[in-house]
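Could you put the whole structure together from the sequences, leaning on the hints where they help?
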Amino acid sequence: MSAGKARMPAAAPWRLALRLLRRDWRSGELYLLAAALVLTVAAITAVGFFTDRIERTMQRQGGELIAADLAIDSSRPIPPSFADAAAARGLEVARTLTFRSVVLAGDDTQLVQVKAVDDAYPLRGEMRLKADIDAAEQPAPGPPGDGVAWVEPRLLYVLGADPGARIDLGEATFTADRLIAYEPDRGGNFFQIAPRVMIHMDALPATGLVTAASRVRHRLLVAGPRDAVADFAAWAEPRLPASAGLIDAREARPEFATAVDRASRFLHLAALTTLLVAGAAIALASRRLVDRQTDAVAVMRCLGAPRHLLTRIFAIRLLSFGLLASLAGCLLGWLGQRGLALLLADWVEGPLPAASIQPVFVGIGTGLVALAGFALPPLLQLADVPPLRVLRRDLGPPRVSVAFAGLGAAAALALMILWQAGDVELAWKLLLGVVAAVAALVTLGAVMVWLAGLAAARTRGIWRLGLAGLARRPAAAILQITGFGLGILALLLLAVVRVDLLRSWQETLPEGAPNRFLINIQPHERDALADWLADHDIDGAGIFPMIRGRLTGIGARDIEPDDYEDPRAERLAAREFNLSYATALQADNSIIAGRWWSGAGQTAPAPGQFSVEEGIAETLGIRLGDRLRFQVAGQTVSAPVTSLRQVQWDSFNVNFFVIGTPGLLAEQPATYITSFYLPASREALVPELLRAFPSVTLIDVGALLAQVRGIIEQGIHAVEYVFLFTLAAGLLVMYAGIQASLAVRRAEHGVLRTLGANRRQLLRGLLVEFTAAGLLAGLTASIFAQITGFVLARQLFDLPFAPNPWLWVFGVLGSGAAIGLAGTLGTYRALVRPPLAALRGAG
Amino acid sequence: MNTPEILCRADGLAKHVSGPGGRLTILHGLSLRVAAGEAVAIVGASGSGKSTLLGLLAGLDAPSGGEVELCGTRLSTLDEDGRAALRGGRVGFVFQNFQLLPTLTALENVSLPLELAAAGEQTAARGNGGVRPDTGMQGADATAVAREALERVGLSARAGHYPRQLSGGEQQRVAIARAFAPGPRILFADEPTGNLDLATGQRIIDLLFALRADAGAALVLVTHDEALAARCDRRLGMRDGHLEVLP
Ligand SMILES: Nc1ncnc2c1ncn2[C@@H]1O[C@H](COP(=O)(O)OP(=O)(O)O)[C@@H](O)[C@H]1O
Ligand SMILES: [Mg+2]
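These protein sequence lines map, in sequence, to chains A and B. Quick note on numbering: the first sequence equals residues 1459 to 2301 in our numbering. Quick note on numbering: the second sequence equals residues 33 to 279 in our numbering.
These are calculated hints, taken from the structure and not from any lab test. We put the CB at the ideal spot given by N, CA and C, even for glycine. Keep in mind that a hint or two might mislead.
As the list claims (entries may be wrong) - Stretches of chain A that chain B covers, calculated by requiring three or more beta carbons in the stretch to come under 8 Å of a beta carbon on chain B:
| id | stretch |
| --- | --- |
| 1 | 1759 to 1767 |
| 2 | 1841 to 1850 |
Stated by the list, open to error - Over 10 Å on every C-beta distance to chain B, these chain A residues come out as not near it, computed from the model:
| id | residue |
| --- | --- |
| 3 | E1550 |
| 4 | Y1615 |
| 5 | P1663 |
| 6 | L2257 |
In structure tokens:
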């Protein structure tokens, strides 16, 4: 701060403001506020950095499910401009083409699903091949060569051929010299019945199979840096012809999408909880700061500082402070996410994508908004402290209506949360919960103060001292209870999420979750297969009938693929549905509207009706009571929808979008499907199974399962880690609560001690007061933690939730004991001073 | 012989407040003049309205009736900020409870009015009627000036200490250094010894009078201590909101 710069206009207020800031800091006055601010910003930044990186990683891994980061799927050739646009953005590009055809081997024919791929395929994940059914899997060295076809083992079986056989496809002949063991983007259509034949794109013209009139699905696969992919998606979306749609991994596999959504929801929940609790700490610390500055302002006005100067000094001081604290928070957040990335290193193959800079801006913005919302209005208002206060202590700062200050803070908080959330439903539900909790705590605090006043008049001695202590400082007491309650609420929520919600999530995918699907089981094989599984001690999750049907009408509407704007809906409408029938509802399904047909004790067969999965119902615009028409094996099957189901897609059980009553579908031609868990140690059973049931298709979802499980495990780690910030914020807000009343107490205890109260009496008075506050705050917090846990589980995470009695024990008794002790000790230590010093310090 | 300059003039000064029992009159239209360099004591029982009068004279509060003129400017022509700017550097204060800022060291407390004056000067264009401190102090000098002021009250060794680390007497000496540092023309002291023991109070008063004599500043000293009042040039008695001249 050299004198040379002093000539700059208006530099002096800046220098003075910064000098005062430095002095405030040195005196320790700002530590609490700084801690609250740094913590808030660190939590937000860490979560921002991390969610960002983890989402990119998930996306990259999810890419394996479609062999790309993004694909365009189309029933017509995709104009070359799309591939050009992708290449221009530095993206890798590959093409595939699929269609149905017939292969000939000797005299046998078989319907197949042909896929022609180019050199670049697959962009994500890998093809794995086997030389023989018993041979080990090998990654494919490159695309299928000239005159070579890779085929699904089942094809050779039905053709009665061996690997190396020659098969005719249209006008060309191929050698089927490798068996397909794993095809990354097969997941997109798990249940297609015809076996796969994969050839090179260049071999296609020779077959003469693809003409302008043929029904072919074209895919353009792209992969590369996330921003470039997003840019390409944004460019392509409005230019896509009606016949085409964009697909990403989330869309390709509902299991994957559910897991990713939950993971990022949990992370956001953790960040928002921290934000709310730290926000309360910021509010409490700000209030304390304002209280402490009141005298200083009166003195400065008395010494000749005009209001506009003070206003400026306060604004500069607070904003510089906010900026510095936010920067420190960003740094801490960045370090935090580094730690987190190290924790997850063994999950993520290869380096995590680099952290992006955006969370820094979000972090700093959050810090400034929080401070501006909570501290700036009361501080600016301080400029109006009457200078006469130096003579008359009773003159406080002009009390701006509480509503005004509260509104500023609430608006700031809401702004931050909406900005942060990226998940509006989560944000407003959580916000509502916290507003309700704060309202309840404030009300409770007021009632408690009132009761304490009444009780104090009827009790004597130390009880009277403690209770009257509460009644004497209504504002501080209410703030204190609110602070304690919010702190405990944060801790209990943490427990609820950690113990109940995360465990529920983990349990959606237990150790023995099915990792193999068997489809295409013929009716005559059904019982034999069930026996085979039982003989080998494999728990099948039940064998379900599967009937192919094309949806042709909803209510009075006829369905054409063009009816839907959503490309997914269009494809689904064009595609045949896999229908099933059942008497009982599957255990992992729940009815969210209407009624399931087999009630308890019902014997008469139910009349024909359908039950539809809620997600698909929404996409296709199907409502309860609509009559659905399906074309099944040339016949029309029609019935009303009498229930909508919620399905746990990430349970990896067999599930169907549409289920009918047995009476409706049992007579239709069906194949069967089952899923089971095969531990890695029993991998050897696979060839045996395939030999015993050669026409059955075995689908290995182990890779997908591992990915989803990885997301769950790492999501849990990440959430626990972020909750460390919440924990710190919770403790901080309680500390701020204790601090809130310290100044008043000092004066009061000085007086009480000069009047002859001894330390033991004071100590017991404090214990009574803090324990009472702790018990009440704990009770309120327990109630809200329970409700919030329930709402989160049921409405946001679709997880089961059982009330946890321990919550109440720990919540109420634990908080009574902890706050009783911590408050008493924290306060008492500060009060153990000679009465004169206490009196003087208060003056 | 020309009449000495009047630094502070009050005419028909009245103050009413509305309390629970209706309107309460604290000051009943009193008048008073303080000349440059003069020491005036205001004595009276507790609750008689001394502090109220002091606040009005220094422009910390607005009267219900009458007029105050401070350093040649009628306070009623100024707004709050104008009155603050008028006080800056010209008016010093010493309070019963010291009023040091707890987050500043002794030295920083003393330099605060100088720093405020320097910062205020640059924002002075914002309408306080061109009133500016005539101390001519530069921000960069503030520390040196403050150090010297501390030395004069014998506390240069405690410059880096916080108020809570000082005794009551020491705190009041810091407050006196703060009051004199900008070179004020008039000093208002409200029971400066009220929180101190007798001997300390005596030393504080000696110091106050010595510094006042050096600076040639006028002093308005409020006290209920007759002995203290006797050291002033003039004594006025305050009773029930009326002033009377005491022998
Ligand atoms: N704003 C006010 N509201 C109500 N009563 C006041 C106010 N200001 C001063 N008083 C009362 O006026 C009387 C004089 O107060 P004060 O000037 O502080 O007396 P002194 O300094 O002589 O002890 C006291 O009774 C005081 O309570
Ligand atoms: Mg007084």
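Against the structure, the hints:
1. Only when three residues or more bring their CB closer than 8 Å to a CB of chain B does the claim for the stretch 1759 to 1767 of chain A stand; here the count is 9, and the claim holds.
2. Against chain B, the stretch 1841 to 1850 of chain A contributes 6 residues with a C-beta closer than 8 Å to a partner C-beta. That satisfies the three-residue criterion, and the hint holds.
3. The beta carbon of A:E1550 sits about 61 Å from the closest Cβ of chain B, which is more than 10 Å, so the claim that it is off the interface holds.
4. Remark: the non-interface label on A:Y1615 is consistent with the geometry, its nearest Cβ contact in chain B lying 86 Å away (cut-off 10 Å).
5. The Cβ of A:P1663 lies farther than 10 Å from every Cβ of chain B, with a closest approach of about 83 Å, so its non-interface assignment holds.
6. Annotated as non-interface, A:L2257 keeps its C-beta farther than 10 Å from every C-beta of chain B; the closest such distance is 50 Å.
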